[in-house]
Structure formats: structure tokens, C-alpha cells
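Protein chains: 2
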Amino acid sequence: MAKKGQYTYEYQHPAVTADCVVFGYDGKELKVLLIKRGAEKEASTTAYVGEWALPGGFLDVEKDKTIAHTAARELKEETGLKLSVKDFKEVGTFSDIKRDPRERVITIAHYALVKLSEVQADTDADKADWFSWGDIPHLAFDHDKILRVAFSRLKQDIHFEPVGFDLLPEMFTLPQLQNLYESILEVKFDRRNFANKMKHFKILSEVEDGTPRKGTRTPLKYRFDKDNYDRLKRNGFQLEF
Amino acid sequence: MAKKGQYTYEYQHPAVTADCVVFGYDGKELKVLLIKRGAEKEASTTAYVGEWALPGGFLDVEKDKTIAHTAARELKEETGLKLSVKDFKEVGTFSDIKRDPRERVITIAHYALVKLSEVQADTDADKADWFSWGDIPHLAFDHDKILRVAFSRLKQDIHFEPVGFDLLPEMFTLPQLQNLYESILEVKFDRRNFANKMKHFKILSEVEDGTPRKGTRTPLKYRFDKDNYDRLKRNGFQLEF
DNA sequence: AGAAAAATGCGTAAATATTACACAAATTTA
DNA sequence: TAAATTTGTGTAATATTTACGCATTTTTCT
Numbered sequence: 013m014a015k016k017g018q019y020t021y022e023y024q025h026p027a028v029t030a031d032c033v034v035f036g037y038d039g040k041e042l043k044v045l046l047i048k049r050g051a052e053k054e055a056s057t058t059a060y061v062g063e064w065a066l067p068g069g070f071l072d073v074e075k076d077k078t079i080a081h082t083a084a085r086e087l088k089e090e091t092g093l094k095l096s097v098k099d100f101k102e103v104g105t106f107s108d109i110k111r112d113p114r115e116r117v118i119t120i121a122h123y124a125l126v127k128l129s130e131v132q133a134d135t136d137a138d139k140a141d142w143f144s145w146g147d148i149p150h151l152a153f154d155h156d157k158i159l160r161v162a163f164s165r166l167k168q169d170i171h172f173e174p175v176g177f178d179l180l181p182e183m184f185t186l187p188q189l190q191n192l193y194e195s196i197l198e199v200k201f202d203r204r205n206f207a208n209k210m211k212h213f214k215i216l217s218e219v220e221d222g223t224p225r226k227g228t229r230t231p232l233k234y235r236f237d238k239d240n241y242d243r244l245k246r247n248g249f250q251l252e253f
Numbered sequence: 013m014a015k016k017g018q019y020t021y022e023y024q025h026p027a028v029t030a031d032c033v034v035f036g037y038d039g040k041e042l043k044v045l046l047i048k049r050g051a052e053k054e055a056s057t058t059a060y061v062g063e064w065a066l067p068g069g070f071l072d073v074e075k076d077k078t079i080a081h082t083a084a085r086e087l088k089e090e091t092g093l094k095l096s097v098k099d100f101k102e103v104g105t106f107s108d109i110k111r112d113p114r115e116r117v118i119t120i121a122h123y124a125l126v127k128l129s130e131v132q133a134d135t136d137a138d139k140a141d142w143f144s145w146g147d148i149p150h151l152a153f154d155h156d157k158i159l160r161v162a163f164s165r166l167k168q169d170i171h172f173e174p175v176g177f178d179l180l181p182e183m184f185t186l187p188q189l190q191n192l193y194e195s196i197l198e199v200k201f202d203r204r205n206f207a208n209k210m211k212h213f214k215i216l217s218e219v220e221d222g223t224p225r226k227g228t229r230t231p232l233k234y235r236f237d238k239d240n241y242d243r244l245k246r247n248g249f250q251l252e253f
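Line order of the protein sequences matches chains S and Y.
Residues 13 to 253, numbered by the numbering used here, are exactly what the first sequence covers, in order.
Residues 13 to 253, numbered by the numbering used here, are exactly what the second sequence covers, in order.
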């Protein structure tokens, strides 16, 4: 344990943290990973004990190559979820002078998208939980605000990025994809126009799963055609809706 | 002057700065405001002396309400340009562990748009200068990279925001507006289609400047119709190009 | 001075994209 | 067992985007 008052500077320095908004999708609802604050953390972080919060923590000045590394490291430590640094997208800085009661702390918020079905098992259930969007409890610090901003960023990004790639399992149905878009964009689409548009981009391939279609009520399975998607993206497209 | 080694913390803290990319437009070219490092600054900031850099400086932990306040304060101190905190848009965080040779410094980059004709006189010519885009010298620290990212952010934002409002003088011509769009988006548009699209949005009003039009080679003057623009923006539009 | 080139405004036809909408079949719900 | 819901498919009407011609005046070139 570090000795108290070990590090001195000529001018005041703020503490810097990275916070993570991790979005998942279970085929029906958008979800967010939250942690319960308090329990087994060291003394210096005992603010808002017992409340729910975004996973995140302090920049390690000597070890974290970038602030995204902080995000990845802290997410792992606090929730068990191991993501690549590249999976984190920066949302923005939250720097209000009073946002942390202990000292001046500015945080760089990030978001990440995960395939819920593949990572849910990794989530340390003692400390962390997945909450449905629209069923989020009040959060510690200014994390409510951070969550709103992160969501609106996701909402913007969905126009240009294949968020489906990251949130959906390998195989998925068109209704699932549409529901995901509707959840994020908070609108409803005409089923047929949605399908036409998606097919027009040619980034979906129908999956032959052996079972001869039993009937029209059993939706077809698709997977993303990564090659076509990448080509499309390089040429600068808009996955416009 | 603060005594050396006055501030102590239990854990290491990074220094935090705000950097500013200030864009202007002179009717022909996009420009950026840069400062010459070195001269009359205190001892602690004598890295990259003599090189050009983005204006910016350290967060005042006790006084700066947010990091955007840092940006506004430092821009004023270093260039004489006095902008409102609201004029700064966050670009992102640059946190590479070695980006500053002195100590760990993470910076939050911002950009701002100004009417060059109205602020050029305020610019302190001893310390700062306006550089044409495409004629930017090598910059200190990782400021080259910051500049590129800021520009690409501006390029994105122009689809949804009226950057013309901020960069152009009160009155301007359609060719000027088009040239501005072309400079930022780095493409060429068909003159007639550009005009049609702009007029279709109904955010331009033709200015009657008394002088009966002398000929088609004298472009008409317009100003922005702020009311219509605001209404359009509230309803969620895309100033699509 | 005169000729050539470039810039401006205006408008329209063709191509492309978006929107609205109906039906048949199978599954789920009541 | 009937009713309601869900899925797939396709087309006509509407709106948007793109490509382009012409008359005129200023600027540039010789």
C-alpha cells in the first residue's frame, strides 16, 4: 500500500478516471452493465457506497498507456469483463468542479458494445449486473448524465457504424436487427422498408441452417457479410435511417 | 508564485490541459490559429520552445469550472481571443503516456469556429498567427494529430450544424458558402445543385443592398435566417451533402 | 481594344431513393 | 377452434438527388 502523501507537484493536479458504459443486447432489449459501489474497494474510493454506478476508475499514471487502457483495465477489475482497448469509444470529458465530493476528479467517459450472450457468463455477478434500458436505477456521481450522453452518442454512431456487428450474436433474424435499431433510435420502422433497405446494402447473408423453413412465422437467420460491410464503409456510406 | 512541491497526493496524478483548435474562414480558405511557444511563459512550460503549437494550457483545479473554461481562459491568455465557453466543442482526449516529455499530461482537445473578419484584430500578433489550412507548419507535442482529429470532427459536424453561421460574416455570397463547404468536406459540388439545396432548406435570406444588380457576375448577398434554422434543427434535420 | 475564359443565376429532365401499403401462410394466443 | 399476431414478399406513388444548357457579365489574356 502506498504511503500517504507520497506524490508532490508544483501545481495542483486533478485526479483522472475513465468510466465505461457497456451496452449489450439480449435480442429484445438494450442493456447496460452497472456495478454496486463500495464493498471491497480501498479507502480512497468510498464515496457513494452502496449505490449503483458505471464501472471505471483512476488512471494509473505510470502503467496505463492511454486513458482507454484505464477503461479496459478497470472494467476487467470491477466486472470481470475483458475487452480490447480498441472496443472502447470515447464519449467525452466530464469535469464539473464539484462532480466528486472528495477531490477534483475529471473523468473520460467511454462506451463499448458487447455480444451479451457471449459475455454474460464472464460478468462477476457479486459486483456487477445488467440492467435493461428504461429500468436503470439512480446512479452515483454524475453517472446518470454520462449514461444519457453515451446513449445519444450511440444513437448518432448507429448511422455510420455497424453496431449490429458488435451487439448481435453471429446469427440473428431481421426482426431482431430491426428491434435493435428501434431500441437505439427510439423510433418504429415499417418492417418491409427496413428489410428492403438492409438487403439493399448487401451486408447481410442468409444462413442455410439445414432445417427447411417450417413456415413464414419462423424468421430467417442472417449473419453479417463483413467483407461487404468493410468495403462499403471505406467508400464512405451512411447506414441511414 | 507557488512554492515548489507544495501539493501532495496519495496517488500519482497526471497534469491536465485543454488545447484549442480555432478555425476561421476568410472567404477563400479555412484558417487555424497557432501560437509560437516559449518566450514569456513560466519555467514549467518550456518544452518545444520556438515551435508552433495549438493554444492551450493547464487546468486550474480550483478555478476552472469545467475543462471548457480552461480552454476559454487559456485561449484568451495566449492569443487575446475572447470566446464564450459555449463556443468550444470537445474533440477528444489525447493521453499517450509519452506525449509530453516533462511529465504525464493528458489533454482534452476542443475546437471553436470564429468569424475571422471580426476577430482578426483581437489576435495578439506577437504570439499568435493565422495559418491557411494546407499551409500548417509542423507542430509541437502531438498537436499535428490533434489538428487532424479536430478537422475530421468539424467535417462530421458540418452535416448537422450550421458551421456557416459561425465562420461566415453576417453577409456572404453563395459561392463563398459553397467554397467553405468544399474546403471543409474536401469535395467539389455542382454550383447549381448546391444553390438549390441551400435554398430548399430556406435558411438563407437574400439581402437587398440597394445597389441594383450590375450583372450576373456580381454574386448576390445572403444572410442566415436564424429562426428557420433553429426550427429546422429542433425537428432534427440533416444539412446533408 | 478586342477576344477568350471564367463566373453567376436560373430551370428542367432523368435517375435514384424513400415511403406507403396488401396479401398469403404459419404460429401463437384466447 | 377461432382470432390475433408474426413473418416474408413486391409495387406504385412520391420525393430527392443528380446531371446538365443557356444567357449574361466580368475578368483575364494578348
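Treat each hint with caution, since some may be false.
[As the list claims (entries may be wrong)] Here are the simulated DSBU-like pairs of lysine-lysine, each with C-alpha atoms no more than 30 Å apart in a straight line:
{"hint": "1", "chain 1": "Y", "residue 1": "Lys-157", "chain 2": "S", "residue 2": "Lys-77"}
{"hint": "2", "chain 1": "Y", "residue 1": "Lys-157", "chain 2": "S", "residue 2": "Lys-75"}
{"hint": "3", "chain 1": "Y", "residue 1": "Lys-167", "chain 2": "S", "residue 2": "Lys-167"}
{"hint": "4", "chain 1": "Y", "residue 1": "Lys-139", "chain 2": "S", "residue 2": "Lys-167"}
{"hint": "5", "chain 1": "S", "residue 1": "Lys-77", "chain 2": "Y", "residue 2": "Lys-75"}
{"hint": "6", "chain 1": "Y", "residue 1": "Lys-77", "chain 2": "S", "residue 2": "Lys-167"}
{"hint": "7", "chain 1": "Y", "residue 1": "Lys-157", "chain 2": "Y", "residue 2": "Lys-139"}
{"hint": "8", "chain 1": "Y", "residue 1": "Lys-167", "chain 2": "S", "residue 2": "Lys-157"}
{"hint": "9", "chain 1": "Y", "residue 1": "Lys-245", "chain 2": "S", "residue 2": "Lys-167"}
{"hint": "10", "chain 1": "Y", "residue 1": "Lys-214", "chain 2": "Y", "residue 2": "Lys-200"}
{"hint": "11", "chain 1": "Y", "residue 1": "Lys-98", "chain 2": "S", "residue 2": "Lys-101"}
{"hint": "12", "chain 1": "S", "residue 1": "Lys-75", "chain 2": "S", "residue 2": "Lys-101"}
{"hint": "13", "chain 1": "Y", "residue 1": "Lys-40", "chain 2": "S", "residue 2": "Lys-101"}
Rather than coming from a laboratory, the hints here were simulated on the basis of the structure.
Broken hints, numbered, in rising order? The structure breaks hints 4, 13; every other hint is satisfied.
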